[in-house]
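Novice: The primary structure of each chain is shown beneath.
Protein chains: 2
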Amino acid sequence: MKIAVKVLPREEVLDSQGRAVEKTLEHNNMAVDHCRIGKYIVLDFSEDDVTKAKEKATEIANSLLHNPLIEQFELEVL
Amino acid sequence: MKIAVKVLPREEVLDSQGRAVEKTLEHNNMAVDHCRIGKYIVLDFSEDDVTKAKEKATEIANSLLHNPLIEQFELEVL
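Note that the protein sequences, when read in sequence, are chains A and B. Under the numbering used here, the letters of the first sequence match residues 1 to 78, in that order. Under the numbering used here, the letters of the second sequence match residues 1 to 78, in that order.
Everything labelled a hint here was simulated from the structure, so no lab data went into it. Computed from a prediction, not measured in an experiment: that's the story for all the values here. This list has only true hints and no planted wrong ones.
Chain copies aren't distinguished; within one or between two, either way the pair holds.
Below, simulated DSBU-like cross-link-like pairs (lysine-lysine); rule was C-alpha separation at most 30 Å, straight line:
#1 K56 to K23
#2 K52 to K39
#3 K23 to K6
#4 K56 to K2
#5 K2 to K54
#6 K54 to K39
#7 K6 to K56
Using the sequences and the hints given, assemble the complete structure.
Specialist: This is the structure we're talking about:
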């Protein structure tokens, strides 16, 4: 089964990529109120049990995929 | 309203970041079958109409957020 890990910069952290995209959108008449940019990681497990797969995904996200000082993550079962 | 753009490398394109994470996970006894790494972009619109906001998000994703040669994207209404 597939589980996606959505990693985003924390609200209190300056998201320079997001700011850059906001400015470019403004200059191209496609302005948005706010933009945040993070990572989207799809993990494919042989595991079929949702709970176990989510546990594994959380372990992987905590140990390798996100930096808790500046990022937060959410899981999405696909 | 918020709309997320999930950008992933196309299946036929070599995803070097994904391969690197797969190998690291294997070395740390957390192997997964497959891993793909892309971008996760949250756009915040003043627009309240879902259809219009999705149209704008599609336009933005097509013109600025993804490279159709090597990437594909999906929208997610948050």
